[in-house]
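The task is simple: from the sequences and hints, build the whole structure.
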Amino acid sequence: MAALELTALCKSFPGGMEAVVDVDLQVQEGEFLVLVGPSGCGKSTLLRMVAGLESPTRGEIRMNGQKVHHLEPKERDVAMVFQNYALYPHMTVAGNIAFPLKMARNSRKKIRAAVQEAAELLGIAELLERKPAALSGGQQQRVALARALVRRPRLFLFDEPLSNVDAKLRAEMRAELAKLHRETRATMLYVTHDQVEAMTLGSRIAVLHRGRLQQVGAPTEVYHQPANMFVASFLGAPPMNFLSDQAAAALGPKSYRQGVILGFRPHDAMLGGDCRMKVHFREDLGHESLFHGVFEGHEVILALPGQTKLPSDGELAFHLPADRVHAFDPDSGIRLP
Amino acid sequence: MKRLSLFLFPIFLLQFWLGTAFSSFAFATAQAQLPATEDQDPVVLRVMVHERWFDGFRYLEQTAQEFERSHPGVRVEIQSSASAAGGQDKVKFVLAGRLPVDVTWIDITEFAAFLQEDVLLDLQEYFDRDPNWRPEDYFPQILDAIRNFDGHLYGLPSTFTPYVMYVNQSLLAQEGLAQPADDWTWKDLKRVARAVTRDLDEDGEADQWGISITQWLQALSPWIWQNGGRFLDENGRCALAEKEAIEAVDFLVDLLHREKLSSRDATFEAQLTFGAFQAGKTAFYGPVGYWETYRFKDIGRLQWDWPQAMGWQPTLQKGVGEQRKWQLPEVEGAWAAQSYAVQDRQALQQVLAARLAGFRNGRIGESEMMQSVGGGKHPLTLFRQRGDLEAADGRLWPDWMYLAGLLQTEPGWVLAELFGPGEAIAGLESGFRQSLAQAEVQGFRWDVMPLPRGKETATAVAMRFYVVPKTSRHPQLAYEFVRALAGDTMQAGLARIGNGVPGLKRAALSRDFLKPTVPPHRERVFLDVLENARFMPVEVNWREIEKQTKAVFEDAIRLGRRSAEEVCVEAAALANETLDRERWLLQRPPLPRSWFLYAQYSPAALFLLWFLSRRLRSKDRLAAREERAAWWFLTPWVLGFLLFLAGPALVSAILSFSEWSPVRDPDSARWLAGHQYQRLWQDGTFHDSLRITAYYAVFAVPLQLGLALLLALLLKPRFPGVGAFRTLFYLPTIISPVILGAVWRWLFAGKQGLEQGLFNQLLALFGIAGPDWLEDPVWVVPAFVLLSLWSVGAQMLVFLAGLQGVDPRLYEAARLDGAGAWARFRNVTLPAISPLLLFNLIMGLIQAFQVFAQAYVMTGGGPGNESRFLVLYLYEQGFRFLRMGYASTLAWVLFAVVLLLSLLILRSSSKWVHYAGAGR
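Protein chains in written order, with the numbering used here: chain C, 22 to 358; chain X, 1345 to 2264.
Source of the hints: derived by calculation from the structure; they are not laboratory data. Glycine is no exception: its CB is placed at the ideal position from the N, C-alpha and C atoms. Treat the hints with caution; some may be incorrect.
[Said to hold, decoys possible] Some chain X residues close to chain C (C-beta under 7 Å, calculated; not the full set):
1) Ser-1957
2) Arg-2153
3) Leu-2154
4) Glu-2156
5) Ala-2157
6) Arg-2159
7) Leu-2160
8) Asp-2161
9) Gly-2162
10) Ala-2163
11) Pro-2175
Put into structure tokens, the structure is as follows:
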């Protein structure tokens, strides 16, 4: 039995905006599922429906097999971490963490112990008497996590929790979250628009676009076998290069159906070979260099090792392993086998 | 905390301003000595009087025009003082502000105060020089009242009125009683009152009374005098505690509360509203003056049979001024009805037609026509304007209704004006009178009669008279204009509009005043009782004594909760205290004028010193330049603050240790050291006002906060029409408190007003007998609290803005954390808006301590002192009694109280106010 099961879930807002369309999704017990997609794809709405902050227009939400539509947020046994942390500004850190337990009318002793435990787990035990405004962004984030954690809920919901912290801290927090998941084995549903978070954190990734679920799978699966052109272009930086089928011959012996769109990832290109790309400019990132140019009439980007030298004629020779070239249906965008 | 303190600072200053502005502004202007020159061209004579403004203005204007004609190069500028007590305040404002007024008018009860304050010009020498001055043209008793102790005359009367008794002849007839003879006694009054008083609807309370006894001090005085009592003894001590006075007061208490023969609605404040006498519920009304005829004279017509015969719908408009109007459905009907009333249609038509023909043929000039009807909105003027003369053939008179309306109110006068005196008119008029008499037999006949006699015969006199302030720049012209105001044109006009008895004898004896066709039919009574008329004592600040004794007497007369003896003894003690203080004041050393100057300018001087010393320190050129620019921008505010706030505040601080009349020069201030503050301990009125202000604040402030927050919570969600609701709830905030007060006085009306107000009507729906809100000492403050709840829109708006600013994620987080609606309100909403709660709390507190206009309009501080809020008392001291020193003392006490409370709240706020972004 799945910890969370969404069936044909739809949400449309007044005015006809369809935020979520026919989403079927299962989150297993102890799983860390990342819901990823560009801004406005409906991922937050989905999360809020699970939390009980929005009600679905159609479809079902089940937790451990039970329908939860009629349940208030507090009755669903879920905890949520918000993008802006949503800490109660007038309460101390301890007060914030204790709040859900207080609302559940736990004994004072039990609350103190639980708060202490959660604070220690997140390394904020020495901040307990401070007010949120006196904390750094990372510390606030930890308090928000502790507040979610302290209740030991069935399901954790994260709504882009790391988008307000700087890059360095984000990397740190990512590791922290992964560790937290390992230690607690809690079921987590994590919403982000950041593909790095998605790739690094998720046991599985669910890609959402325009309210529709595009693909669900393990990170490597989604990266290497994207279900369609959207997933292919959304995951990976720089994004996948797309070519028309006229370029097929230049890529190698393999033949493709008439009219398909071909794609390859910049990182799959290897130096040397029969393919020739006219380079317009390069970006050196140190460990690799990004070459921007034209290949068979298409703008493409190649990611090659950092020290790669550009021949004097400005033409770069490269090749692609045959299994790294994907073909997509030109109409539906679906990847062809 | 810091941020809020900064924000509150200007508010404290505003609070401060209120207290000090009264005194200091007057002081500041007092320093501007205006030169008395006569070299202006053209000369402008500024006149500030009132005289029943809308009706009287045309006579004022006419008098002014005549004056301008006879005095070329002079322009007369007429300004209105307001009427009643407020008008006397306005005159004082003007005098205190040293505004150049050449002629104004004062009440006789203020005369002594004005004399002592030395603000009036002694006109005796002008009278002596005037060859046309004939004192015998005026009533001698009246002139004598306007003389000082040396017999110098200070002005001339506008109108006066002895106090008389109004009688409802219809009610007496209905009860089978004869109207008592003019020499009736207290016993007769009681006897008739007993016979009339009845409980018609058998609810256990009388609803038809013998009398409506008027209850203010001047109305009380005839009873005291008639019983052989007096206000002052030969040593100038208050004699109200003497047996005769106590007996007189007890007689009234007996009528009102023991035997319950009198309705209790005839208070000073209720004069302008619909009373028991107008409703035909009492046989007598008084003692009261001539002014009441103005609102009573239409009563009888309500039941004339001819309007009903014509199918007219009488409409009754009640409220301030109490007007009854006929709606004339169509012109021909009006004509027919009027003809019926006059009973000689042909004669009227003929005379009128001849008159109009004369006008058409140019035999009567336009101005003559205008003059003959007194100008204004007269039918004939309208005829002329509309070119409808041709249509005036007797069949259809387009504007006949105007004439008809005029005929209704002043038939004798209109007929005389239109047709001139003569035999034909006498016939017409008698016909008219016949029909009038016929109608009145079936309706409401009333008249006036002398007051009943006690051991002596006496009555009181109210009077206004024209004076020349010392600030007049043209004293000779001003004197001459006073003569004109007391002359034929003006006095005849005053007689017509019925302000009172004209001071000019021949006007009082003319038909203009006696108006034989209009009730009261016996205007002569007002002249006859004059020989027994007495004036209130000529004592400094009699107004204050009046107020004090009124408040005390109300305990017995209005509320019936203390005995006559108790209140008389207390009133005498209070009056003696005031008399003593006023005499003692004169012996106090003067306060050097320089002190005021130092106080006024020292803040500015100190600032300048500080500023100059500070400038020396700046080094960095760029910083210095920026600072200089900043000071330039700040200059207007700094100057304004130092000169108009800090300086006057210091002046008022000094004033609070001294006494000074705002209508006098600063030189006249006297140093009292700490006496004013010591007086606070003994001043019962101050204790009362502090108590009721605190009582009000304790309830009004929290209830306002709660209601405002509740409304904000209700109106926060967006739903269709929410904008309209927000506007509606905010709207009362922008309405002037004076208008609020006037409207709410009707809403609060209780049984004494005969008609229940809206509140009591609503309560009655639930079977609750509502209290007499504004008359009941228990309910008067709660009534003000209720009123304050109507104006919570501003606080609501502040809360609403705060609520919009609360992060919605916090509510969602709380919902997920298991918080219900109350827990969310408690843990998210309240902390988030706590700074606004603090703001509204302190603002509300300040406002609660500054209640003034509502009380001024609705209750005037009564009953007793039960609604004499602190600021109202402060105002009375400062401007009604001209005791700016004590008013300043009160202002500083008020300031201290509000400051202390605000500081306490601010101190406590660190525990319950949370600022977003504050770390610890």
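| What are the numbers of the hints the structure violates, in ascending order? | Number 1 only.
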